[in-house]
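> Protein chains in written order, with our numbering: chain A, 68 to 224; chain B, 68 to 224; chain C, 68 to 224; chain D, 68 to 224.
What the hints contain is simulated information worked out from the structure, not anything from laboratory work. Be aware that one or more of the hints could be misleading.
Identical copies go unnamed one by one, so any copy, or any two together, can satisfy a pair.
Stated by the list, open to error - Only pairs whose alpha carbons sit at most 20 Å apart, straight line, appear in this in silico SDA-like list of lysine to any residue:
| hint | residue 1 | residue 2 |
| --- | --- | --- |
| 1 | 138 | 186 |
| 2 | 174 | 211 |
| 3 | 139 | 206 |
| 4 | 198 | 172 |
| 5 | 86 | 70 |
| 6 | 174 | 125 |
| 7 | 73 | 222 |
| 8 | 223 | 124 |
| 9 | 83 | 72 |
| 10 | 138 | 221 |
| 11 | 138 | 207 |
| 12 | 86 | 187 |
| 13 | 174 | 218 |
| 14 | 189 | 124 |
4 protein chains.
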Amino acid sequence: MPTRNKPVIAVIGASKCSKKLRDMAAQVGKHIAENGGVIVCGGMGGIMEGAARGAKEGGGVTIGILPTDDKKDANPYIDYAIPTGFGEGRNIIVVRAADVVIALPGKYGTLSEMAFARLFNKPVISISAWKLGDDIIQVEDPVEAAELALELAVRKK
Amino acid sequence: MPTRNKPVIAVIGASKCSKKLRDMAAQVGKHIAENGGVIVCGGMGGIMEGAARGAKEGGGVTIGILPTDDKKDANPYIDYAIPTGFGEGRNIIVVRAADVVIALPGKYGTLSEMAFARLFNKPVISISAWKLGDDIIQVEDPVEAAELALELAVRKK
Amino acid sequence: MPTRNKPVIAVIGASKCSKKLRDMAAQVGKHIAENGGVIVCGGMGGIMEGAARGAKEGGGVTIGILPTDDKKDANPYIDYAIPTGFGEGRNIIVVRAADVVIALPGKYGTLSEMAFARLFNKPVISISAWKLGDDIIQVEDPVEAAELALELAVRKK
Amino acid sequence: MPTRNKPVIAVIGASKCSKKLRDMAAQVGKHIAENGGVIVCGGMGGIMEGAARGAKEGGGVTIGILPTDDKKDANPYIDYAIPTGFGEGRNIIVVRAADVVIALPGKYGTLSEMAFARLFNKPVISISAWKLGDDIIQVEDPVEAAELALELAVRKK
Numbered sequence: 068m069p070t071r072n073k074p075v076i077a078v079i080g081a082s083k084c085s086k087k088l089r090d091m092a093a094q095v096g097k098h099i100a101e102n103g104g105v106i107v108c109g110g111m112g113g114i115m116e117g118a119a120r121g122a123k124e125g126g127g128v129t130i131g132i133l134p135t136d137d138k139k140d141a142n143p144y145i146d147y148a149i150p151t152g153f154g155e156g157r158n159i160i161v162v163r164a165a166d167v168v169i170a171l172p173g174k175y176g177t178l179s180e181m182a183f184a185r186l187f188n189k190p191v192i193s194i195s196a197w198k199l200g201d202d203i204i205q206v207e208d209p210v211e212a213a214e215l216a217l218e219l220a221v222r223k224k
Numbered sequence: 068m069p070t071r072n073k074p075v076i077a078v079i080g081a082s083k084c085s086k087k088l089r090d091m092a093a094q095v096g097k098h099i100a101e102n103g104g105v106i107v108c109g110g111m112g113g114i115m116e117g118a119a120r121g122a123k124e125g126g127g128v129t130i131g132i133l134p135t136d137d138k139k140d141a142n143p144y145i146d147y148a149i150p151t152g153f154g155e156g157r158n159i160i161v162v163r164a165a166d167v168v169i170a171l172p173g174k175y176g177t178l179s180e181m182a183f184a185r186l187f188n189k190p191v192i193s194i195s196a197w198k199l200g201d202d203i204i205q206v207e208d209p210v211e212a213a214e215l216a217l218e219l220a221v222r223k224k
Numbered sequence: 068m069p070t071r072n073k074p075v076i077a078v079i080g081a082s083k084c085s086k087k088l089r090d091m092a093a094q095v096g097k098h099i100a101e102n103g104g105v106i107v108c109g110g111m112g113g114i115m116e117g118a119a120r121g122a123k124e125g126g127g128v129t130i131g132i133l134p135t136d137d138k139k140d141a142n143p144y145i146d147y148a149i150p151t152g153f154g155e156g157r158n159i160i161v162v163r164a165a166d167v168v169i170a171l172p173g174k175y176g177t178l179s180e181m182a183f184a185r186l187f188n189k190p191v192i193s194i195s196a197w198k199l200g201d202d203i204i205q206v207e208d209p210v211e212a213a214e215l216a217l218e219l220a221v222r223k224k
Numbered sequence: 068m069p070t071r072n073k074p075v076i077a078v079i080g081a082s083k084c085s086k087k088l089r090d091m092a093a094q095v096g097k098h099i100a101e102n103g104g105v106i107v108c109g110g111m112g113g114i115m116e117g118a119a120r121g122a123k124e125g126g127g128v129t130i131g132i133l134p135t136d137d138k139k140d141a142n143p144y145i146d147y148a149i150p151t152g153f154g155e156g157r158n159i160i161v162v163r164a165a166d167v168v169i170a171l172p173g174k175y176g177t178l179s180e181m182a183f184a185r186l187f188n189k190p191v192i193s194i195s196a197w198k199l200g201d202d203i204i205q206v207e208d209p210v211e212a213a214e215l216a217l218e219l220a221v222r223k224k
């Protein structure tokens with residue numbers, strides 16, 4: 068598949084989190100990468116770092132849309148860092164860059180991204196993230212979430 | 068009070084809504100204006116137009132942070148239109164410009180603004196908008212919401 | 068004239084400058100305010116502060132589109148501060164908010180704003196700022212620049 | 068070299084241009100790609116398309132920071148499209164994402180990007196683009212420009 072047609076999955080969630088959650092994000096990222104998907108995220112720590120680490124383990128590509136203006140702020144698993152200098156104003160770009168969004172636990176930054184995703188009518192798969200009604204797909208298992216995300220991304224095209 | 072010290076209250080909600088909700092937004096805007104507050108909003112229709120109309124009836128000042136790049140797109144009750152050209156990327160600016168946010172019913176754009184407000188630790192008063200737990204202050208009466216917003220804005224300084 | 072129909076003039080230039088240049092910016096701001104215009108600027112020091120100070124001396128209204136996310140960073144002559152949190156990404160908004168741009172000496176930030184203004188086909192009046200060919204109107208006297216700006220702003224409507 | 072350490076070169080210029088200029092941009096893109104550099108651009112037509120096409124011919128990777136909110140608007144040679152929805156407000160992000168900027172002929176959008184690049188103290192190499200004084204490196208040959216860009220990008224690290 069040409070690179071430009073690969074599914075792009077955003078993984079969102081807290082920039083600080085437990086090892087358990089980071090590992091869960093890594094499972095998501097790895098499975099997506101192993102199955103031909105690209106990971107986009109906010110490029111910082113926590114869930115974002117976990118997802119990017121997993122994607123690199125899975126041989127994939129990672130894009131980080133940074134709040135800061137310096138690409139050195141990206142976590143070490145980001146291949147392509149886009150330093151926006153827009154602070155949390157970059158959240159909307161993370162979502163716009165993705166076909167499908169997978170949300171792990173996070174606070175209000177994560178919620179802003181889930182809201183933008185639904186505003187743009189993009190599927191949101193939640194693994195224990197904010198509950199916002201039937202519009203959000205609830206999944207418990209990270210591999211199942213990754214598979215569903217890839218399936219929905221392909222169906223959209 | 069010098070203009071720069073006036074409380075700035077964001078009123079957010081759907082860009083299309085019933086006359087009843089628009090009038091409720093107008094009550095909020097009017098009460099805030101009559102008591103020395105400035106209204107900031109997204110500058111478009113629905114709740115935003117209602118709030119701006121009320122503020123002008125109350126002799127106040129209204130600022131509209133527009134998604135489009137043309138100030139002619141502002142509703143007729145906006146004094147100062149800021150056309151960003153950033154689409155829904157302007158939502159974060161509406162919130163950053165305010166001391167306190169009053170949310171009326173709206174969909175995912177409104178939710179993104181409520182999320183940003185709480186991310187920045189700004190008080191959010193909801194009149195039948197999204198329920199997000201104890202972090203959001205629930206009020207039923209528009210005048211009561213306006214009064215509380217002014218009180219919280221002053222207390223913050 | 069209703070507020071929304073008042074000409075909005077952006078004054079741009081260095082955030083640090085000599086007293087002489089700050090006073091020249093103040094002359095521009097004062098003359099625009101005395102003749103019914105609104106001043107929009109980047110809200111910080113130097114030329115921006117001079118223009119805003121002059122506008123307040125002239126009884127006018129000033130809007131500052133800030134790079135930071137805190138309205139307390141605005142210079143003391145700003146009535147309505149819009150803290151974007153977008154860093155220099157806010158330059159484009161300063162220009163979009165204006166009918167006409169007056170440029171005083173500045174460096175590359177100023178140049179980015181002059182470029183955006185011409186990209187959007189807005190008149191740019193330069194008082195010793197960047198020379199970019201016939202597209203930029205060169206004027207030496209601050210009062211003359213202010214008068215021309217008001218005239219061009221009204222003609223555009 | 069790990070992906071994250073590859074030099075990232077922005078190629079900027081008009082979105083509509085002659086075949087000759089597009090081919091010149093392609094030469095730049097190809098040489099950069101063949102020597103391990105990544106191309107970032109605005110993702111649209113003209114110079115941006117030429118540079119991306121050349122980079123793909125050279126076996127490289129291309130990133131397009133789009134003004135629109137739909138990745139389908141990217142030119143066909145973009146691997147990773149970042150649809151910002153910020154209009155020309157995305158110009159600053161193109162520059163922030165790059166280590167070095169190569170400017171080909173363009174109008175005021177191009178000038179805004181050259182200005183931002185110098186504001187952020189990033190080297191700008193001009194092939195017949197805007198002349199802005201000694202701060203801009205003038206080069207005539209596209210391959211020479213590409214080589215210099217790679218050299219300056221590596222030196223910065």
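> My question is about residue 138 and residue 221: at a cut-off of 20 Å on alpha-carbon distance, are they close within one copy, between copies, both, or neither?
Answer is between: at 15 Å across copies they meet the 20 Å cutoff, but 30 Å inside does not.
> When no copy is specified for residue 174 and residue 125, does a C-alpha distance of 20 Å or less occur within a copy, between copies, both, or neither?
Classified as neither: same-chain Cα gap 28 Å, cross-chain 37 Å, threshold 20 Å.
> Tell me, please, which holds for residue 138 and residue 207 at an alpha-carbon limit of 20 Å: within, between, both or neither?
neither (33 Å within a copy, 30 Å between copies)
> Should residue 189 paired with residue 124 be assigned to within, between, both, or neither, using CA atoms and 20 Å as the limit?
Cα proximity of residue 189 and residue 124: none, with 27 Å in one copy and 33 Å across.
> Which holds for residue 83 with residue 72 at a C-alpha limit of 20 Å: within a copy, between copies, both or neither?
neither (32 Å within a copy, 25 Å between copies)
> With 20 Å as the alpha-carbon cut-off, assign the pair residue 174 and residue 211 to within, between, both or neither.
neither (23 Å within a copy, 28 Å between copies)
> At most 20 Å between CA atoms: does that hold for residue 198 and residue 172 within a copy, between copies, both, or neither?
both (10 Å within a copy, 18 Å between copies)
> Can you give me the call for residue 174 and residue 218, within, between, both or neither, at a CA distance of at most 20 Å?
Neither, since 27 Å and 26 Å both go past 20 Å.
> Is it within, between, both or neither when you check residue 138 against residue 186 at 20 Å Cα-Cα?
between (29 Å within a copy, 17 Å between copies)
> Could you figure out if residue 86 and residue 187 sit no more than 20 Å apart (CA to CA) within one copy, between two copies, both or neither?
Classified as neither; 31 Å inside a copy, 26 Å across copies.
> Check residue 139 against residue 206 for me: Cα-Cα at most 20 Å, and say if that holds within a copy, between copies, both or neither.
neither (34 Å within a copy, 29 Å between copies)
> My question is about residue 223 and residue 124: at a cut-off of 20 Å on alpha-carbon distance, are they close within one copy, between copies, both, or neither?
neither (27 Å within a copy, 29 Å between copies)
The structure fails to meet hints 2, 3, 5, 6, 8, 9, 11, 12, 13 and 14 from the earlier list, while all remaining hints are met.
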